[in-house]
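Chains A and B, in that order, give the protein sequences. Position 253 of the first sequence, counting from 1, maps to 252 under numbering that gives the first Met the number 0, and the rest follow consecutively. Position 145 of the second sequence, counting from 1, maps to 144 under numbering that gives the first Met the number 0, and the rest follow consecutively.
The set of hints was computed from the structure by calculation and includes no laboratory data. There may be inaccurate statements among the hints.
Since the list gives no way to pick out one identical chain from another, each pair is judged satisfied if it fits inside one copy or across any two copies.
Lysine-lysine pairs mimicking PhoX-like chemistry, simulated, CA-CA at most 20 Å apart [to be verified]:
no., residue 1, residue 2
1, Lys336, Lys30
2, Lys207, Lys326
3, Lys207, Lys229
4, Lys235, Lys207
5, Lys15, Lys207
As the structure is a computational prediction, the values presented were derived from the model and not from experiment.
Protein chains: 2
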Amino acid sequence: MDNFEHRIPTKIIFGKGTENAVGAEVAKHAKRILLHFGGGSVRTTGLLDRVTASLKAAGVDWVELGGVKPNPRLSLVHEGVRLCKEHRLELVLAVGGGSVIDSSKAIAMGALIDNDVWDFYLGKGAPIAALPVATILTIPAAGSEMSTGTVITKEEGDLKRAVNSELIYPVFSILNPELCFTLPRFQIACGAMDIMAHLMERYFTNVKHVGFTDRLLEATMKTIIAEAPKVMANPKNYDAWAEFMWAGTIAHNNLLNTGRVGDWASHAIEHEISGIYDVAHGAGLAVVFPAWMRYTLRHDVERFVQWAVRVWNVELDVFDPEATARKGIERMEAFYKGLGLAVTLDGLGVAADRIEEMADKCTDGDTQQVGNFVMLGKSDVAAILRLAA
Amino acid sequence: MDNFEHRIPTKIIFGKGTENAVGAEVAKHAKRILLHFGGGSVRTTGLLDRVTASLKAAGVDWVELGGVKPNPRLSLVHEGVRLCKEHRLELVLAVGGGSVIDSSKAIAMGALIDNDVWDFYLGKGAPIAALPVATILTIPAAGSEMSTGTVITKEEGDLKRAVNSELIYPVFSILNPELCFTLPRFQIACGAMDIMAHLMERYFTNVKHVGFTDRLLEATMKTIIAEAPKVMANPKNYDAWAEFMWAGTIAHNNLLNTGRVGDWASHAIEHEISGIYDVAHGAGLAVVFPAWMRYTLRHDVERFVQWAVRVWNVELDVFDPEATARKGIERMEAFYKGLGLAVTLDGLGVAADRIEEMADKCTDGDTQQVGNFVMLGKSDVAAILRLAA
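Whole structure, please, built from the sequences with the hints as guidance.
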């Protein structure tokens, strides 16, 4: 196990009706806020009305900024930064899923600097301050509600880049599983995939003696595997949503990463796919992971065997560990297909004609490697994308 | 799953050599501190010298208070409170195990009030402020390094009582598995038992749809079951200690309790045993748990079956679930015995002649019930103690 530091300052308020506590909770931090959200669903479900009623009752003023799209855009972040500066707003409240939260984190960092916040996403400097961010989560998937991460897409050049900073852990996140009842099936499936991806990125590590976090990761994967089909079958199943939602948050809040080093190549590769084709992040991950696994399998067959046996209940063939591992990958693919997800680029409707371009961008013109479990250059990324075709 | 709020402000600094960071970390919070510890081992191992060197280098002044014993005493707490007030100390640094940390938490609460801090332990009022507490953990067991709890014994009347407050989450805790290398075998075993107890108190709940936290609890139990024998066999096994130590902290920091209600009757019953006989808390728990389980088994056989199958790898006998559950209890007893712990009062050297007295105190003269999974009155507690005889 590696040395580590660990602290998660985010307060979680979990359960039925908890969004009505938002005003009182915000008032502990701010008097004037940016209320940031996505499309029409928060309006049509009445959630936005409940939120503003709660803010009003607590004496909190707000400026609204809607319109966040999946793969949140830098241009809207700039608009949010402008609003925060103009109105001297003190907190950014995200009402939505990972895209809204990531956009809010970008705004929170940008509001306190003169330069373009995009510089941080390009790795030019790191933030030293940010407005507090708070969230009301409506889509369990990205884990951004209790994480240090934000991913933003710059329209020009289709560039999708991430920032990680402890400054953007939300001060609080409200998780009410009832808010998931209206999610479309495809979005549920993509969320399940995103959560599984966060767990697998952490699971495949070269750090030895990480048995405890291995088991916590397996426990969380098993929860998603058990609960995702239940919420797909009945999106009003509160009990299944509660398990799914809390597991999705824990999957990405860094506890399960303590003492180990995650891989993250699959995320980097998928960012190139969704950056160009604007497919849902989860849908892209369902395509990348099986290919990434088949490409890296022989790097550490034992780790894949442990995963196949413990997570997917594959019977161990001690005489052929690799076959055991491959059965795990097959069961994972069957699970994704059962959720209605494609497991090939073709199934995703993405032509295989820009593979070289994606591999090139992913590795910055073959100058950088991606991944930690196996470090991948441009030719490796291209090979994985061809396996995924 | 129940609604819940969850926030753990404690920063964990984990790994080799991390105690040398203590001065710099304390300096973020305080200039003058109480340095609180137990017996001679922190001196003989050189740990105290390294700590004071680090404090000195960071410009932090300290007042020393050693002498904490297992089942920490109120009289020493009073002495610590006096020192904090007299020297206007700003933080209490615990260097030791759960007893030292619990004593530190009591001092931290007492330092800011005029009344006796014991009032809080009697349930008379709740703290509204406390000095910050920080810890360097030397015994993985109590979980106090990342918990809201403190347990203190008042000498007159052998009263052992607990306080829980979010105000006494340590601001930081330093966990270096190397510091465990010198622990006596018996103390290791008691620590393993204490950790298992924290997990089982949470596991046995009446709240439905807690599959995710069930699995996290099982993962943590399996880690202790796998790693405890390794550190018993070789107390210098860093890798095994790292897993054991981190699992011990997570076992009790309330994450694994989110959305569920723990039982805690076994802890309450054990407090009466160690309050009177001054046996080690872990040793007492090893005696109480098997008896408590046999007494409550039929309340929810399915839950015991899940635990037996998943945690202890008992083969499910679908035609006789109760036999499956009982095999789980037997394997648990075998595990304790393998660690060198007694599983009966007799084996512990405690005569069965004060059972009525203990049952009476535990239930406040049969006016209060203990436990949540099954609520126990005086006669139940006495019956469990007789089963444990």
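Hints versus structure:
For the identical chains of this complex, Lys336 and Lys30 are neighbours neither inside a copy (47 Å) nor across copies (59 Å), given an alpha-carbon limit of 20 Å. Taking the shortest Cα distances, Lys207 and Lys326 never come within 20 Å of each other, neither inside one copy (24 Å) nor across copies (33 Å). Proximity of Lys207 and Lys229 under a CA criterion of 20 Å is satisfied inter-copy only: 16 Å between copies versus 35 Å inside one chain copy. Taking identical chains as interchangeable, the C-alpha atoms of Lys235 and Lys207 lie at most 20 Å apart only when they sit on different chains, with a minimum of 17 Å there against 42 Å within one chain.
For a Cα distance limit of 20 Å, the shortest separation of Lys15 from Lys207 across copies, 15 Å, qualifies, whereas the shortest one inside one copy, 41 Å, does not.
Of the numbered hints stated above, those contradicted by the structure are hints 1, 2, listed in ascending order.
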